Amino acid sequence: QKEVEQDPGPLSVPEGAIVSLNCTYSNSAFQYFMWYRQYSRKGPELLMYTYSSGNKEDGRFTAQVDKSSKYISLFIRDSQPSDSATYLCAMRSNAGGTSYGKLTFGQGTILTVHP
Amino acid sequence: DGGITQSPKYLFRKEGQNVTLSCEQNLNHDAMYWYRQDPGQGLRLIYYSQIVNDFQKGDIAEGYSVSREKKESFPLTVTSAQKNPTAFYLCASSWDQGTQHFGDGTRLSIL
Numbered sequence: 001q002k003e004v005e006q007d008p009g010p011l012s013v014p015e016g017a018i019v020s021l022n023c024t025y026s027n028s029a030f031q032y033f034m035w036y037r038q039y040s041r042k043g044p045e046l047l048m049y050t051y052s053s054g055n056k057e058d059g060r061f062t063a064q065v066d067k068s069s070k071y072i073s074l075f076i077r078d079s080q081p082s083d084s085a086t087y088l089c090a091m092r093s094n095a096g097g098t099s100y101g102k103l104t105f106g107q108g109t110i111l112t113v114h115p
Numbered sequence: 001d002g003g004i005t006q007s008p009k010y011l012f013r014k015e016g017q018n019v020t021l022s023c024e025q026n027l028n029h030d031a032m033y034w035y036r037q038d039p040g041q042g043l044r045l046i047y048y049s050q051i052v053n054d055f056q057k058g059d060i061a062e063g064y065s066v067s068r069e070k071k072e073s074f075p076l077t078v079t080s081a082q083k084n085p086t087a088f089y090l091c092a093s094s095w096d097q098g099t100q101h102f103g104d105g106t107r108l109s110i111l
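In the order they appear, the protein sequences are chains A and B. Note that the working numbering gives residue 88 to position 88 of the first sequence, counting from 1, and the numbers run on in steps of one. Note that the working numbering gives residue 93 to position 93 of the second sequence, counting from 1, and the numbers run on in steps of one.
What the hints contain is simulated information worked out from the structure, not anything from laboratory work. Please read all numbers here as calculations on a predicted model, not as lab measurements. Any given hint could turn out to be false.
[Stated by the list, open to error] Here are some, though not all, of the chain A residues that point toward chain B, as calculated from beta-carbon distances under 8 angstroms:
hint, residue
1, 37
2, 101
3, 103
[Said to hold, decoys possible] Straight-line C-alpha distance at most 25 angstroms; calculated SDA-like pairs for lysine to any residue:
hint, chain 1, residue 1, chain 2, residue 2
4, B, 57, A, 94
5, B, 57, A, 29
6, A, 102, B, 44
7, A, 102, B, 14
8, B, 9, A, 47
9, B, 71, B, 22
10, A, 102, B, 70
11, A, 70, A, 54
12, B, 57, A, 32
13, A, 2, B, 58
14, B, 57, A, 67
15, B, 71, B, 94
16, A, 56, B, 101
17, A, 42, B, 75
18, A, 102, B, 40
19, A, 67, A, 29
20, A, 42, B, 39
21, A, 2, B, 84
22, A, 67, A, 24
23, B, 71, A, 67
24, B, 14, B, 104
25, A, 102, B, 60
26, A, 56, B, 96
27, B, 14, B, 60
28, A, 42, B, 16
29, A, 102, B, 63
30, A, 42, B, 86
31, A, 42, B, 53
32, B, 57, A, 45
33, A, 102, A, 59
The beta-carbon is built from N, C-alpha and C at its ideal position, and this holds for glycine as well.
Based on the sequences and whatever the hints tell you, model everything.
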């Protein structure tokens, strides 16, 4: 079983829809949670960064973390064709040593927003 | 503009050949990382370096080697021992254990 599970999709929605992307994880030591967006043939770019449980909002994007359920979500409101990309969740613990800075990624969800 | 530059964008390797992927950053970050991305598998850590002249193996280091002689540079060599090298390779950097910023990758294929 992978440490981080993410539904690869693909997910196709009409413009203006609310998109929900999710990841589950098994390692209770994870404390930092990230969502990256990756356009085709490009590197991932950071969208959201949260620590521990709770919600964080940035424009049309909302990240939620539920540590008790080991479940994180990214919501995109009023989705646009320019949101079409692969969305990767990533997380890490606060440990040092051999776990220094190590991010564990989900498989990525391919999202298409059609006009 | 500050950022991470990876080169070349596309690279082809012949059987038995070593190839080196370049990664340069001007963000003054101490830590640098190499990941491999395969379809449907997310990113997997190959090597990372916390400071100059020090680096550690990640989850899939076999068949790869790195060096960190300068703060700005972290080249990755894909050796002939790596039997399945075809993938998208991504370099990242960060302050300490903070947010990782990525380059735009090198796509390696086998001739």
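Taking the hints in turn, this is what the structure says about them:
1. 37: 11 angstroms, violated
2. 101: Holds, about 4 angstroms.
3. 103: Since chain B brings a Cβ to about 6 angstroms from residue 103/A, closer than 8 angstroms, the hint holds.
4. 57/B with 94/A: 19 angstroms, holds
5. 57/B with 29/A: 21 angstroms, holds
6. 102/A with 44/B: 10 angstroms, holds
7. 102/A with 14/B: 31 angstroms, violated
8. 9/B with 47/A: 24 angstroms, holds
9. 71/B with 22/B: 13 angstroms, holds
10. 102/A with 70/B: 21 angstroms, holds
11. 70/A with 54/A: This hinted pair holds, its Cα atoms lying about 12 angstroms apart.
12. 57/B with 32/A: 22 angstroms, holds
13. 2/A with 58/B: Given pair residue 2/A, residue 58/B holds - Cα atoms ~16 angstroms apart, limit 25 angstroms.
14. 57/B with 67/A: 29 angstroms, violated
15. 71/B with 94/B: Status holds; Cα separation ~12 angstroms.
16. 56/A with 101/B: 20 angstroms, holds
17. 42/A with 75/B: 19 angstroms, holds
18. 102/A with 40/B: OK: residue 102/A and residue 40/B at ~20 angstroms, within 25 angstroms.
19. 67/A with 29/A: Since the Cα atoms of residue 67/A and residue 29/A sit roughly 10 angstroms apart, the hinted pair holds (cutoff 25 angstroms).
20. 42/A with 39/B: 14 angstroms, holds
21. 2/A with 84/B: 21 angstroms, holds
22. 67/A with 24/A: Distance ~10 angstroms between residue 67/A and residue 24/A Cα, so the pair holds.
23. 71/B with 67/A: 36 angstroms, violated
24. 14/B with 104/B: 23 angstroms, holds
25. 102/A with 60/B: 13 angstroms, holds
26. 56/A with 96/B: With Cα atoms ~23 angstroms apart, residue 56/A and residue 96/B stay inside 25 angstroms; holds.
27. 14/B with 60/B: 21 angstroms, holds
28. 42/A with 16/B: Violated - the C-alpha atoms of residue 16/B and residue 42/A are around 28 angstroms apart, more than 25 angstroms.
29. 102/A with 63/B: Cα-Cα ~20 angstroms, so holds.
30. 42/A with 86/B: 17 angstroms, holds
31. 42/A with 53/B: 29 angstroms, violated
32. 57/B with 45/A: 24 angstroms, holds
33. 102/A with 59/A: 28 angstroms, violated
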